[in-house]
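Spelled out, the chains give:
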Amino acid sequence: KAGVTQTPRYLIKTRGQQVTLSCSPISGHRSVSWYQQTPGQGLQFLFEYFSETQRNKGNFPGRFSGRQFSNSRSEMNVSTLELGDSALYLCASSLGTGGGAFFGQGTRLTVV
Amino acid sequence: TQLLEQSPQFLSIQEGENLTVYCNSSSVFSSLQWYRQEPGEGPVLLVTVVTGGEVKKLKRLTFQFGDARKDSSLHITAAQPGDTGLYLCAVYNYGQNFVFGPGTRLSVLP
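Those protein sequence lines, which keep their order, are chains S and R. In this text, residue positions in the first sequence follow our numbering: the first is 1025, and each later residue adds one. In this text, residue positions in the second sequence follow our numbering: the first is 521, and each later residue adds one.
You may find that some hints are simply not true.
Below, a list of computed lysine to any residue pairs in the SDA-like style, where the Cα atoms sit at most 25 Å apart [said to hold, decoys possible]:
#1 S:K1081 / R:Y614
#2 R:K577 / S:F1126
#3 R:K590 / S:Q1065
#4 S:K1037 / R:E561
#5 S:K1081 / R:S546
#6 R:K590 / S:G1123
#7 R:K579 / S:G1027
#8 R:K576 / S:F1126
#9 S:K1081 / R:L565
#10 R:K579 / S:F1126
#11 S:K1037 / R:L565
#12 S:K1081 / R:V564
#13 R:K590 / S:F1126
#14 S:K1081 / R:K577
#15 R:K590 / S:T1121
#16 R:K590 / S:L1119
#17 S:K1081 / R:S551
#18 S:K1081 / R:V548
Take a look, some chain R residues computed to stay more than 12 Å from chain S by CB distance [to be verified]:
#19 E537
#20 V570
#21 G573
#22 D591
Just so you know, the hints here were simulated from the structure itself, not pulled from any lab data. Glycine included, each C-beta is placed from N, C-alpha and C at the ideal position.
Let the hints inform the model, and build the full structure from the sequences given.
Right, dumping it as C-alpha cells:
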C-alpha cells in the first residue's frame, strides 16, 4: 500500500507570494489533515478535510486555506506569505475516526 | 495550557541504557498514540493504546496507558543510536483532530 505523498519536498518563496502544497493520502483514507511544525510551536493543527468537506479548523489566519478533491487528494494554499510562515508543513492521512494518523514526509517551506 | 504534556523535554543517553518518557494530561482519552519523528521527516505512528492499563510491546519499546486513561509512558530497553528522534504522543480530540504533545527529543550516543 503506497504511503502519503507530499509535493514538493522543498520550496523557497518570497514574502508576499502565495504557495500551494499537495498531498495524496493512503488509498481508502478519506480524512486529510494539515499541520504546521516549527521548532518553537511544535505541531499545530491547520485543518482537516473529510470527503471533500472541511470538518475541523485550527487557529490560523484566513491566509491559510485548503481543499480536497473527489479522489481524496488535498491541497493547501497560503497567500501573502510572511517570514513567520517558514515551517515544515505536514499532511496526515487517516480513516477519520481517531485510530492514528499516517504522515507524509512534509514540505519544507522557506520564506525569504 | 497544553492538552498534553511530555517529559523530559530533552534526553541524551549512551547506547545500551534504558529510558522512560512520559505523556500526561488532566483529561481522559479513549485512545492515545505514540509517534517517532526523525529530522526533516514526518512523524511515524508507533502504537495506539486504547484500554486503561494496557501494555503494548514493539521490540525494545514498551508502551503503557495509565489506568485512568489520562497518561502514558514509553520505555526503551537497551537504547540504540537508531532510536534517536523526537517522540510525540497524541490524542484524537473531536473538533481539534489529532492533538500532539510538545515531544521528547531523544539522543542516543554510540
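* Numbers of unmet hints, in rising order -> 11, 14, 20
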